[in-house]
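Peer 1: Which chain is which? The protein sequence lines are A and B, in order. Residue numbering for the first sequence is 122 to 588, as defined by my numbering. Residue numbering for the second sequence is 122 to 588, as defined by my numbering.
Note that these hints are calculated values from the structure, not bench results. Any given hint might turn out to be false.
Intra- or inter-copy, both count: the list cannot distinguish identical chains.
Stated by the list, open to error - List time: in silico PhoX-like cross-link candidates among lysine-lysine, alpha-carbon distance up to 25 Å:
#1 556 / 494
#2 434 / 581
#3 310 / 556
#4 494 / 581
Read off the chains here:
Protein chains: 2
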Amino acid sequence: MSIRMKLNYSGMLEEMIGEHGVQLEELNALMGQLDRARNELMERHGKGDLEWMGLPNTEEYVEQAEEVWNGCREGVENLVVLGIGGSALGNTALQTALRPPFWNMLPDGKRTGARLFVMDNVDPERLETLLGIVDAEKTVFNVITKSGSTAETAAQFLCVLGKVKEKLGEDWKKRFIFTTDPAKGAMRKLVQDCGLMSLPVPAGVGGRFSVLSPVGLLSTVATGADARALLKGAREMYMHFRSSTAERNVPLLLSGLLYLADTTRGQKIHVMMPYSDRLRDMADWFRQIWAESLGKAVDRNGKKLNSGPTPVKALGTTDQHSQVQLYIEGPFDKVVIMVEVEEESSGLAMGSQLIDSTAFTYLEGRRLAELFKAELIGTKVALTNAGRPNMTLTLPRVDEEAAGEFMFAWELATAVAGELYCIDAFDQPGVEGGKVAAYALMGREGFEDARERIAQLEKKLEGFVAP
Amino acid sequence: MSIRMKLNYSGMLEEMIGEHGVQLEELNALMGQLDRARNELMERHGKGDLEWMGLPNTEEYVEQAEEVWNGCREGVENLVVLGIGGSALGNTALQTALRPPFWNMLPDGKRTGARLFVMDNVDPERLETLLGIVDAEKTVFNVITKSGSTAETAAQFLCVLGKVKEKLGEDWKKRFIFTTDPAKGAMRKLVQDCGLMSLPVPAGVGGRFSVLSPVGLLSTVATGADARALLKGAREMYMHFRSSTAERNVPLLLSGLLYLADTTRGQKIHVMMPYSDRLRDMADWFRQIWAESLGKAVDRNGKKLNSGPTPVKALGTTDQHSQVQLYIEGPFDKVVIMVEVEEESSGLAMGSQLIDSTAFTYLEGRRLAELFKAELIGTKVALTNAGRPNMTLTLPRVDEEAAGEFMFAWELATAVAGELYCIDAFDQPGVEGGKVAAYALMGREGFEDARERIAQLEKKLEGFVAP
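One chain only, chain A, in its complex shape (with noise of 0.2 Å):
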């Protein structure tokens, strides 16, 4: 039992990349430091702290999702998930990467589970649209609020609600899946009062942490996708990161580099660049656990940081048409973070002899996977040689597996640097003020004061409009 998932930080170091890479001493000099981050989590949740940190052994949570599935899914062509962040970009992200591309478009007899679609936003014209094209009879609506009171998410499921009440009257509550807080909150009571179906989300497990919880096992189930070697993947994360010394273990290596090439090198502008169509939405998952967990004004003992470095996503070969340039000429603020799935994933390939010109020669018979695999080393080199930092993940393949090793790295990679920065990565005290002001726009009672308030600063900020 061992991971598949490797590092090549050889792009890191000054030694290949000249002065903006990290030296090997001050590396080995943080070594100690990752250890002690790592126990001081490890004893944490031995305490029964950081909860998330167990949920690659909860199997009982794929028995769950799986027993609600199943109770409801037949005739089902549709699961919706209605949520928003942590409650939406990791179903969105298994489903890319663990389903065929263009899942929800293909014909019936070439999807072995249900289509999905992830409301992840409150544009009301997408909503409506959706609820246009799936037909509420063949379609369950997956709530995700941990809380239950997120606004965004109580929105999208009061505006769904009516349009399924008014089709189905009564027959709603069998197409409602609620995942939330296991006794509290507005969603857990409504499911109580009415007998609804539900999934807990664990005390201990905030929104970015949650994937391997209900909230993403899930969707996983209903898509077809096997659960049960997502956590398993995560599980052979948890137990190298347990016990792989520091210098080899990725987890604390992803923390411990980045951290110090944003600390000491001002390259706080990590970019992550799958290879990969199946992990683009991976990288809009990195994002937020990264930013939300990381980005932060003070550290534990009140002291102002205004820290974070900023996660960008971006995906090979498309980017080398639009961003590569500034990675290779622009300033020496950003890492390079690519991943590289090993296994071809099609052997699609370039027909010969189709046309009359020697311009293609080079391509013609070739497997389109080569050019893909040539280009992401094309880029690795250029970055290289231009001295910037970057550093190379690699999958095996796209699979349940090395989906959950890949984000459960990061959900360690995350917890640790929040260590290195001295900072809590489990909170987001700067989502507040925008949230009350929403509120308060909205005439929710008790917010009276802020409305004037923001009335003001409207009034404020009409001084410069151009034209």
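Add chain B to chain A, keeping to what the hints say.
Peer 2: Chain B alone, transformed into the frame defined by chain A:
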């Protein structure tokens, strides 16, 4: 005649957000330089240079696109764009903006134009899957490459051509439209040799400035959007740019404010955050034009710079639950450009008295669009209160004219920014290294030396791998 887009830049100024804001005096001091930059660009364009500036006035390209499309559209359900970078991003952005959500999945009666698939990558599984779901006889493939030699586009073409020839034999010729240089390159030669359908990419129109040329017009026409209105919006913006004083000139203010933020305040990350699902891919299009144009190693005199802001794509409200924590509490290294749409895209409302709970009373009976707007204002207020630079671009609605105004405003702002940074905004020398490496790895003739060098580097890069 005047533009409908508004720019509110109050949140950029010191008097609103404090020390991280730009001083009005600094902005005023830049006005002369902005004026000169505009005059310089207008003069170059007047002499026949910068042909992209004339595209809003070139309706003949719309006519050509219509003629080509009308010549082959009968029985056609799908348009597949084969291209990458500037040959793909504009098509995607326009389709998302101008057609309803879930366009490709709408039932036939509700779709009054072709479905559009943009292959912006060489992921073999995605292309192979697509070829399995579109019927070759009902599909037209639009190969877009100005030079005619882009490796990724040629590779996509050779893969598709093989499959289409297998199915249709010589009739393959009716299934391809080439958008390429009017006279030069391998694709133009193929068009001439085989008598194929084609459109020109005019000289002096680089990929990222090509969306208003046949590059973006064919898919606009094919999906049933109004290409003339798109050009009309761009034309309004051109005239506004030409004749408005710098103080009221939207493209000049965009470039001036972002230039000052970058170079005098260290705000090197420029986030575009539309509150509209229809505009999400516009942010991706912006990402290319801003990064590839301004990320440069040297200035026009060869002086070393390594400058250029990093554009980031975000989406409201979605990213309030992912990135806004970082934007509010993290480093003061960002400007957030919010994009607001005035008209509500749908009247979808939240039901009342659907559930027995007072938790959501503040939402009941309200339109979802009201919440969407409240979230935008809430975030703007929170950013401003936290002293974070922000500005808001407001469009009356998302339609062709607005898209034309928006895109041309950013093309002009990019060109002006090139003048301010004193760099060439129209080249991309930094991507050559990666291209050469990819050619070498594919065994292209003449790249043998490079191949040897890469092999050596690859070996050195194997030094540090975990676990």
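Peer 1: Each of the hints needs a verdict: does it hold here or not?
Peer 2: Evaluated hints:
For the identical chains of this complex, residue 556 and residue 494 are inter-copy neighbours only, at 13 Å across copies versus 44 Å inside a copy, given an alpha-carbon limit of 25 Å. For the homomeric pair residue 434 and residue 581, neither the shortest alpha-carbon distance inside one copy (35 Å) nor that between copies (28 Å) is at most 25 Å. Taking the shortest alpha-carbon separations for residue 310 and residue 556, only the intra-copy value of 23 Å comes in at or below 25 Å, while the best inter-copy value is 59 Å. Within a single copy, residue 494 and residue 581 get their C-alpha atoms only as close as 54 Å, which misses the 25 Å cut-off; across copies the closest is 18 Å, which meets it.
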